[in-house]
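Enquirer: Sequence:
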Amino acid sequence: MNKLVWQQDFLNGNTDLRTWNIRIGNDLVDDLGNVICPGWGNNEQQFYTGHSNNLYIDESGLNLCARNETIEADERSFSYTSARLDTKNHFSFCYGKLIIRAKLPVGQGLWPAIWLLPQDQAYGPWPASGEIDIMEAKGRLPKEIFGTLHYGKDWEHKRIDEFSYQFDHATINEFHDYELEWNESSIRWLIDGHCYAERSLQAGIMPFDKPFYLVLNLAVGGWFDNVQVDEASLPAVMTVSGIWLYQ
Numbered sequence: 062m063n064k065l066v067w068q069q070d071f072l073n074g075n076t077d078l079r080t081w082n083i084r085i086g087n088d089l090v091d092d093l094g095n096v097i098c099p100g101w102g103n104n105e106q107q108f109y110t111g112h113s114n115n116l117y118i119d120e121s122g123l124n125l126c127a128r129n130e131t132i133e134a135d136e137r138s139f140s141y142t143s144a145r146l147d148t149k150n151h152f153s154f155c156y157g158k159l160i161i162r163a164k165l166p167v168g169q170g171l172w173p174a175i176w177l178l179p180q181d182q183a184y185g186p187w188p189a190s191g192e193i194d195i196m197e198a199k200g201r202l203p204k205e206i207f208g209t210l211h212y213g214k215d216w217e218h219k220r221i222d223e224f225s226y227q228f229d230h231a232t233i234n235e236f237h238d239y240e241l242e243w244n245e246s247s248i249r250w251l252i253d254g255h256c257y258a259e260r261s262l263q264a265g266i267m268p269f270d271k272p273f274y275l276v277l278n279l280a281v282g283g284w285f286d287n288v289q290v291d292e293a294s295l296p297a298v299m300t301v302s303g304i305w306l307y308q
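For the sequence shown, the numbering used here puts the final residue at 308, and the numbers step up evenly by one.
Worth flagging that the hints you see were computed from the coordinates, not collected in a lab. Honestly, I wouldn't trust all of these hints.
Below, a list of computed lysine-lysine pairs in the BS3-like style, where the Cα atoms sit at most 30 Å apart [what the hints assert, rightly or not]:
| no. | residue 1 | residue 2 |
| --- | --- | --- |
| 1 | Lys149 | Lys271 |
| 2 | Lys158 | Lys271 |
| 3 | Lys158 | Lys199 |
| 4 | Lys164 | Lys199 |
| 5 | Lys271 | Lys64 |
| 6 | Lys158 | Lys204 |
| 7 | Lys164 | Lys214 |
| 8 | Lys199 | Lys149 |
Taking the hints into account, I'd like the entire structure generated from these sequences.
Expert: In structure tokens, the structure reads:
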């Protein structure tokens, strides 16, 4: 697992986002663009935009910025804007070691995430085809991160395998390498090279044997940490300086 097969160097001024989809709105939609439910299925409060004050590249890397600003859309009013992007239909992979170097914002109600969704829903709609959360954080808990698998035949039978890691002398508001090692038999979660969780994969039961694409987003509010948003922490920025996939 030592061949570099994909890289995004956001510290290189020539980097662009052609291999990424910039998502707009507050609604979770299906592959045909039909709305499934608002709040991206998680009661998220933000409206995602592609505006340059929400999504931009500077000397620190790729920045996703959540702001306290009102936006009117879809006959609704939203108090927050932010950014979400993914590589669906541009880049997906099955097995390998993925490293994302990122710095995350601190503040109650902030929900930064680095995660994977199935390129093709071979086993059916969520959660049947799986979800791999490489890193999620609760902005009010700056010394803790989470790694999670979602799967199961349907909503009523969904399974959630969640693991967490506590920093001793660091916080999420510094750059760290968030890593996923994935092969036919297991998925491992690492932080700065240290493995803090491993889950064995059961063939025929767990759907993690197909290509997945990468998602980066900074949510505001939502069920993951159902607390009131501390608007004093906005604007808040999630910065990704680089991404590397080895196979």
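Enquirer: With reference to the structure, classify each hint as holding or not holding.
Expert: Results of checking the hints against the structure:
1. A threshold of 30 Å between alpha carbons decides the hint, and for lysine 149 with lysine 271 the separation of about 14 Å falls inside it, so the pair holds.
2. Restraint check for lysine 158 and lysine 271: the C-alpha separation of about 15 Å stays at or below 30 Å, so the hint holds.
3. Restraint check for lysine 158 and lysine 199: satisfied, since their Cα atoms lie roughly 25 Å apart, inside the 30 Å limit.
4. A distance of roughly 13 Å separates the Cα atoms of lysine 164 and lysine 199; the hinted pair therefore holds under the 30 Å criterion.
5. Distance restraint check for lysine 271 and lysine 64: the Cα-Cα separation of roughly 20 Å lies within the 30 Å cut-off, and the hinted pair is therefore satisfied.
6. Our distance criterion of 30 Å between C-alpha atoms is met by lysine 158 and lysine 204, whose separation comes to about 24 Å.
7. Among the hinted pairs, lysine 164 with lysine 214 is inconsistent with the structure: their alpha-carbon atoms are about 35 Å apart, more than 30 Å.
8. Taken as a hint, the lysine 199 and lysine 149 pair is honoured in the structure, with Cα atoms around 25 Å apart against an allowance of 30 Å.
When the structure is compared with the earlier hints, a violation turns up for hint 7 alone.
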